[in-house]
Amino acid sequence: MTKELSLEERFQQYVDAENKVEPKDWMPEKYRKTLIRQISQHAHSEVVGMLPEANWITRAPSLRRKVALLAKVQDEAGHGLYLYSAAETLGADRQALVKDLLDGKAKYSSIFNYPTPTWADIGAIGWLVDGAAIANQVMLCRTSYGPYARAMVRICKEESFHQRQGYEILLTLVRGTEAQKKMAQDSLNRWWWPSLMMFGPTDDHSPNSAQSMKWKIKRKSNDELREEFIDKTVPQAEFLGLTIPDPKLKWNEERGHYDHSEIDWEEFYDVISGKGKCNKQRMDARNKAHAEGKWVREAANVYARKQAEHSKQSAA
Amino acid sequence: MQKELLHYTLRLGDNALILGHRLAEWCGHGPVLEQDIALSNIALDHLGQARMLLQYAARQKGESYTEDKVAFFRDITEYYNLLILELPNGDWGDTLARQFLFDTYNYFFYTELLNSKDDHLKAVAQKAIKEITYHAQWSAEWIIRLGDGTEESHQRVQKSIDDLWMWTGEMFTMDEIDQKLIEEGVAVDLAPIKEQWHQKVAEILDVATLKKPQDDWMQSGGKQGEHSEYLGYILAEMQHLPRMHPEAEW
Chain A
1 MTKELSLEER FQQYVDAENK VEPKDWMPEK YRKTLIRQIS QHAHSEVVGM LPEANWITRA
61 PSLRRKVALL AKVQDEAGHG LYLYSAAETL GADRQALVKD LLDGKAKYSS IFNYPTPTWA
121 DIGAIGWLVD GAAIANQVML CRTSYGPYAR AMVRICKEES FHQRQGYEIL LTLVRGTEAQ
181 KKMAQDSLNR WWWPSLMMFG PTDDHSPNSA QSMKWKIKRK SNDELREEFI DKTVPQAEFL
241 GLTIPDPKLK WNEERGHYDH SEIDWEEFYD VISGKGKCNK QRMDARNKAH AEGKWVREAA
301 NVYARKQAEH SKQSAA
Chain B
317 MQKELLHYTL RLGDNALILG HRLAEWCGHG PVLEQDIALS NIALDHLGQA RMLLQYAARQ
377 KGESYTEDKV AFFRDITEYY NLLILELPNG DWGDTLARQF LFDTYNYFFY TELLNSKDDH
437 LKAVAQKAIK EITYHAQWSA EWIIRLGDGT EESHQRVQKS IDDLWMWTGE MFTMDEIDQK
497 LIEEGVAVDL APIKEQWHQK VAEILDVATL KKPQDDWMQS GGKQGEHSEY LGYILAEMQH
557 LPRMHPEAEW
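The listed protein sequences correspond, in order, to chains A and B. Under the numbering used here, the first residue of the first sequence carries the number 1, and numbering increases by one thereafter. Under the numbering used here, the first residue of the second sequence carries the number 317, and numbering increases by one thereafter.
Treat the hints loosely; a few may be bogus.
Some chain A residues well away from chain B (every beta-carbon gap over 10 Å; in silico) [as the list claims (entries may be wrong)]:
#	residue
1	K214
2	N279
3	K306
Straight-line distance between alpha carbons at most 16 Å, and here's what the computed EDC-like set of lysine to aspartate or glutamate pairs gives [stated by the list, open to error]:
#	chain 1	residue 1	chain 2	residue 2
4	A	K294	B	E468
5	A	K181	B	E565
6	A	K294	B	E565
7	A	K288	B	E341
Hint data in this document are derived by calculation from the structure and do not stem from the laboratory. Everything numeric in this text was worked out from a predicted model, so none of it was measured. We put the beta carbon where it would ideally sit given N, CA and C, even for glycine.
In isolation and in its complexed conformation, chain A is listed as follows (with noise of 0.2 Å):
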């Protein structure tokens, strides 16, 4: 006889059986809160993370690269407006969220709490922080969740022309002076490391991940997305003709990977704690154009209220 199944068995069911679960399905409370948590977050990273490559827009050193750095920030800026409207799907309210980032009760990548005090930032956040999100993104196209996995695929062609552009950058800066090359060289040197962290603590230290592959919210580990990206990168390091700053990183043919050093977690956790260099003045830049836009968004809705009145009016 066949044992009544509960719904979070069914639930598990369906996903397993690579079906999308949609905004109006019945899901776990938990896997709604995961992925309202998650989707929000990303949303925030983009945000925020329009801070530390907008600071360039206006030293761009050329016209060409001035409308490109802008154009790609903008993105960032569409990104988050699809992340933002998948989580409303999740019943979540843009609003609610937008505060919590405000009162520092919800996260966002912490690689944007590094300062980019060089051109060559600019080239090396395309290349290794679009890159590390990419391998996430990548993943997250096939999610459990249709719309969040929807936006992915959207977001992923994006950011795949960021990547390049950010490549092509630090390729012109390695092919140019002297000064450019260091340039170049030192925002690798600053960005490597912050940039392995994005993917997260290692597998035995990432307690809700288990639970995130099992429903398929995930579908990698940290680690293995980790390795996929080290895979990749280093290669293309050697292409610029640039260094990666770890003395034991090795091709292992063994494994078929490469090794690397010990990620220094403490700085990890020291970052995310509020200890970066730019943490204060990321979320001090969110909440002053939110404070001061404020008077802007109420007088934007008065009007529109207004003008519901007198349609209303004059339609009766």
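Based on the hints, put chain B in the right spot on chain A.
Chain B alone, transformed into the frame defined by chain A:
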């Protein structure tokens, strides 16, 4: 190379570049994501127009010139943008008031530039007019929304319009460069543009329940390279990297 045409091209190119620069400063700091995106779009339009115009200026200057050399290796007295465009952004109301006052001018100006006998300027106008028409609609809508929004937004945007007013007169001043190029059918006669502008601005301000300021003393000089202090800081920021590495490619 004709001196007047180059100067005229730079005026238009510098207007687009300096306004594009100012609007780009908003990127990441807008009042809400949707408007951040909208303003970045407009900044991109201006920077795109700046590139077309500065490429044309570079061609006039000679073979060794490029758009970047023209943008990054000219000093403050060789920039010919309108003064209103180099003013700091201020708050959203100040930025949108400047957009409205300038976009309205720019719309009538570029509509007329479509008839220029200079093929290159005409081509720029053909490409830009669609963008500029949208800019003028968008900023007029914002002025109406802020003017007829809350008590606070009404007061704030009225003050923005009042404060900016003395910078608007320069849009319509003409010197011997304009005169010569108008005679050749290249440049736009600004006298009828002034009339159209006053009429349109009055109409929108009225819908927005705002008062149109009285014309009084008007600032000028930007078109001749006599600038405020603000432009120096814009150029310092914009130009420092290429100037620090003058031999480098980026």
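Evaluated hints:
1. K214: holds, 33 Å
2. N279: holds, 16 Å
3. K306: violated, 7 Å
4. A:K294 - B:E468: Satisfied, since the Cα-Cα distance of roughly 11 Å is no more than 16 Å.
5. A:K181 - B:E565: holds, 12 Å
6. A:K294 - B:E565: violated, 43 Å
7. A:K288 - B:E341: holds, 14 Å
Checked against the numbered hints given earlier, the structure breaks hints 3, 6 and satisfies all the rest.
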